[in-house]
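Quick mapping for you: the protein sequence lines, in order, are chains A and B. Each residue of the first sequence is one higher than the last, beginning at 20 in our numbering. Each residue of the second sequence is one higher than the last, beginning at 6 in our numbering.
Please note: incorrect hints may appear among the correct ones.
Claimed, not checked - The list that follows gives simulated cross-link-like pairs (lysine to aspartate or glutamate, DMTMM-like), each with its CA atoms no further than 25 angstroms apart:
1) A/79 to B/42
2) B/61 to A/148
3) B/80 to A/321
4) A/191 to A/321
5) A/120 to A/149
6) A/77 to B/143
7) B/80 to A/157
8) B/117 to A/162
9) B/61 to A/745
To be verified - Sample of chain B residues lacking proximity to chain A, with all beta carbon distances greater than 12 angstroms (derived):
10) 12
11) 18
12) 39
13) 43
14) 87
15) 92
16) 93
17) 112
18) 127
19) 137
20) 138
21) 150
It is worth saying that the hints were derived from the structure and are not from the lab. The C-beta atom is built at its ideal place from N, Cα and C for all residues, glycine as well.
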Amino acid sequence: MATVMELVKESEVQWVGQPLKRKEDPRLITGLGKFVDDVKLPGLAFASILRSPYASAKIKRVDVSRAEKAPGVICTLTGSDVSKLTDPFLQISSAPANKVKDYCLAVDKVHFVGEPVAAVVAETRAEAEDAMELIEVDYEPEEHVLDARKALEKDAPLVHEQVGSNLVFHGKWDYGDIEDAIRKADRVVNAKLHFHRFSSTPIENNGVVVNYDRATGFLNIYCNNQMPMFCIPWLSFGLKFPSNKIRMITGDIGGGFGTKIISYPYIALICLLSMKAKRPVKWTEDRREHMFANHGNERSFDVEVPVKKDGTILGFKVSAFDDCGAYTRYEPAGATIWAQVSPGVYHFPNLKVDFFQVMTNKAPVGPNRGYSRMQHLWMIERTVDIIAKELGLDPADVRLKNYVRSDEMPYVTPSGGIYDGGDYSESLRKAMKLIDYDGLREEQARARKSGKLIGIGIATAVDSGTNNFGQVKIITDDNPFSGNSEAARVSIDGLGQFQVGLGTVPQGQGHETFAAQIVADEFGINPDQITVLSGFDSAINPYSHQSGSYASRSAVMGTGALLGATKKLKEKVAMIAAHLMKTLPENISFSEGNVVDKQTGKKMPIWQIANVAWVNNVLLPEGMEPGLVALNFWRPNFTLPDEKWRLNQTLTYSYQTHIAAIELDPESGKFKILRYVIVDDCGTQINPMIVEGQVHGAAAHGIGAAMFEEFNYDENGQLNSNTFIDYLVPSAVEIPHLITGHLEIPSLFAPKGIRGVGEGGGTPLGAISNAVEDALAPFGLQITDSHQNPQHIHKLIREKISKLNQVR
Amino acid sequence: MHFEGTFNVKAPKETVFSVILDPNQISQCMPDLQKLDVKSPDDFIAIIKAGVSFIKGDFNLHFTTVEKTPPTHAKLTAHGTGIGSTVDMETIMDLADVEGGGTSMKWSADAKIGGRIASVGQRLLSGQAEKIIKNLFDCLQGKLEAA
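All chains, please: the whole structure from these sequences, using the hints.
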């Protein structure tokens, strides 16, 4: 990769599009990053949290008397304290699911294994942990329910009795005429599919340090939440604390992937503890605790697809059952978010989705890279392969036949999504070429003759980015959210030095680098000359209440806000320059740190203008305010849902095609990836190196989920895979060499034609499921689960063989 | 987890029955008994040291006799907490005469383990639980035959 100095040799460098090394990396790779656990304050005390061992139980008694007498203990907190001190957190659901009472500690009842029940603050973490063991809790176990469909049955145990049902949300999306399409079809393909429960495992767990400042009345909150300002209503209403005295601070964050969005109950808890202890209090989640903190949505599908003999897909009819666990923290947003990509990359003129979201006595779900869309996209990609197999067609041909075409862009989906450009067919053709698809099919045929099982799996997913919060109005009109917005501040100080502040709350995605590239191009300067504030501090950074890193939005929203701020700043610099140079503002251009009069070629360095703006201000044009600071808020043009719930739910629609070739050992059920190809298109790439990193990261995430990662509950609701002994996370050894290719077809709507590329749409789940089924074709087996573990594959093969033997 | 078994002892039913329902006697057969608090013959608390692998600590177990038909049938529940974990157990014991003297005891136990031990130690759990239960009944058998 080129360094800044190598690139700067050219006179007019376009910084957008350069694979610049990241501004963040020197500190991160030399151990100088500052994460929440690095926050050390005078008098810091440490918290430990006692958690429920039951999936469902009444809390009969909590006795903290022994814990409070333990060495080093400062104070304790229980659910009954919390119910007096706070209000239940806000709910996004409509009635009756909005009757869920969510507090930062369980009150009267526990609803899942791992739910916080009490907390201890002590001088050291070890003392807090030891004291926690001395808290006595009497539970009265109750019936629990662990399966979404069973939870909907009439006599199912209720996760929250006051709701009267386990149903959170039931919605019907119905476009075209699916019943007519079913009548006219040559064939109707059916499938029952299940998307498994997993999550992300960022290298840094959740963490919170709260310093309640009794002198100023401020709650100073150091945390690693991904949307700290979005938390404010939850914290302010929950804690009954004025929002103008809540300061949110993040530093470097060791990955989030969505899992650090619903950490607000923990933040609220540590706030209460700091207020009670009259000390700054730190809580750093341990890995086992993190395994309860934020699961991904588990979902099952009943699918019915009318098709023509030639592979034309006429529509989709789906019943989906989404398991959101015991609390609806970001839910039921996920019950609408899948509809961002309702038809995937295909023409489905007839589309009917009956969507149920249901509570169970399992850990609550929250956003996780590819949130809610990857379940839906996996279902589509799995079904397309089932269709191809039933019709005896090549799955690549079925895709090419049904893809939305590039000449239809911008393409409006049945649910109102406006796809902002791209060429899905070209993406697949490119991927097929990179993996040598035809050669692989020949190799597969030869291998089968010698008893070797090779499988090839394709998946193309839409990686939608920059969400329109208006989608939660589908749940209830009362939800006070819509659109999306971001804030940026660009300033030139009195010595002519550039500083940029953003609200985007980076977690390792390189926001400092992309922001510098964008601003550098606007002023014709070098990105090294621009300091971008690291982390986020609500008392320093600009923000909107939708600021944060989520929904693949930061590059797009950050760029929109930055371009607005640079425009304002350039206008002011041009006015001052024109005044000083005795010309008109429209004659001023920016080049290599100077302003240039386009007519005369006369130059003046920007620092001279900054000097006038700040300290030599008698020279300013009459009436102009001093200073060179531009603050800008930016929002895309979004609308609210219409009466059929149609709306453009995101601004950008990146897409990726993945092809996996695997070899499967029928004796053990184990398989290995032989070759793996990815072609992505995120429009204009600000920094191709960062894009490549995002593509690799999303692929590793998806491959891990497809092959290794799964949360297993036993029949008692105990989470059996909550250490890295049982919850298997892939390392560099398990992830194959990734062969990547790119298309760069600009977004038709986003600033500079860029699209978000943070999530990847869970594409490997489809590619690997399809490859496994393809490998197993000689056995005629169908893959119905998104998780492919050797035990399960082995069992499928054994069952099939014993069935075949019985026939003989 | 379900466990069951049968054993024979050379002692009359009445003796067996009284021993297995005597907190002071049965508690001696529990692993690493730390403390016993007998509220009534049908209601007692035993603090024992138990665990799996490196997760070891005190368990506070509350035993209650919920069914009692002397000298042939009894059902006990045990409910306990400790080291971030819980145990809920139900044990049924049925006694019958053996031809030629002695008693046959048929027992079954259903145990639910929750919390830290369940999630971290699940691979070792059923082996460990079986060992504890087997030791308990071996100890009882020895006690009865010595009596």
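Now for the hints, and whether the structure bears them out:
At most 25 angstroms may separate the alpha-carbon atoms for a hinted pair to count; residue 79 of chain A and residue 42 of chain B meet this at roughly 21 angstroms. The suggested pairing of residue 61 of chain B with residue 148 of chain A holds, with an alpha-carbon distance near 15 angstroms, which does not exceed 25 angstroms. Straight-line distance between C-alpha atoms of residue 80 of chain B and residue 321 of chain A comes to about 45 angstroms, which puts the hinted pair past the 25 angstroms bound. With a C-alpha separation of about 14 angstroms, the suggested pair residue 191 of chain A and residue 321 of chain A falls inside the 25 angstroms cut-off, and the hint holds.
Proposed proximity of residue 120 of chain A and residue 149 of chain A is contradicted: the alpha carbons are some 30 angstroms apart, above 25 angstroms. This hinted pair does not check out: residue 77 of chain A and residue 143 of chain B have alpha carbons roughly 36 angstroms apart, beyond 25 angstroms. This hinted pair checks out: residue 80 of chain B and residue 157 of chain A have alpha carbons roughly 22 angstroms apart, not beyond 25 angstroms. A C-alpha spacing of about 13 angstroms is found between residue 117 of chain B and residue 162 of chain A, which places the hinted pair at or below 25 angstroms, so the restraint holds.
With a C-alpha separation of about 20 angstroms, the suggested pair residue 61 of chain B and residue 745 of chain A falls inside the 25 angstroms cut-off, and the hint holds. Against the 12 angstroms criterion, residue 12 of chain B stays outside the reach of chain A, whose nearest CB is about 29 angstroms from its own CB. At the 12 angstroms boundary, the C-beta of residue 18 of chain B stays outside the reach of chain A, the nearest C-beta of that chain being 34 angstroms off. With a cut of 12 angstroms on Cβ distances, residue 39 of chain B stays outside the contact zone with chain A, its closest approach being about 15 angstroms.
Annotated as non-interface, residue 43 of chain B keeps its C-beta farther than 12 angstroms from every C-beta of chain A; the closest such distance is 20 angstroms. For residue 87 of chain B, the condition that its CB be more than 12 angstroms from all CB atoms of chain A is violated, with the nearest at approximately 8 angstroms. At the 12 angstroms boundary, the C-beta of residue 92 of chain B falls inside the reach of chain A, the nearest C-beta of that chain being 10 angstroms off. With a minimum CB-CB distance of about 6 angstroms to chain A, residue 93 of chain B fails to clear the 12 angstroms threshold, and the non-interface call is violated.
Against the 12 angstroms criterion, residue 112 of chain B stays outside the reach of chain A, whose nearest CB is about 22 angstroms from its own CB. Against the 12 angstroms criterion, residue 127 of chain B falls within the reach of chain A, whose nearest CB is about 5 angstroms from its own CB. Every C-beta of chain A lies more than 12 angstroms from that of residue 137 of chain B, the closest at about 19 angstroms, which supports listing it as non-interface. At the 12 angstroms boundary, the C-beta of residue 138 of chain B stays outside the reach of chain A, the nearest C-beta of that chain being 18 angstroms off.
No beta-carbon of chain A comes within 12 angstroms of the beta-carbon of residue 150 of chain B; the shortest separation is about 37 angstroms.
Of the numbered hints listed earlier, those contradicted by the structure are 3, 5, 6, 14, 15, 16 and 18.
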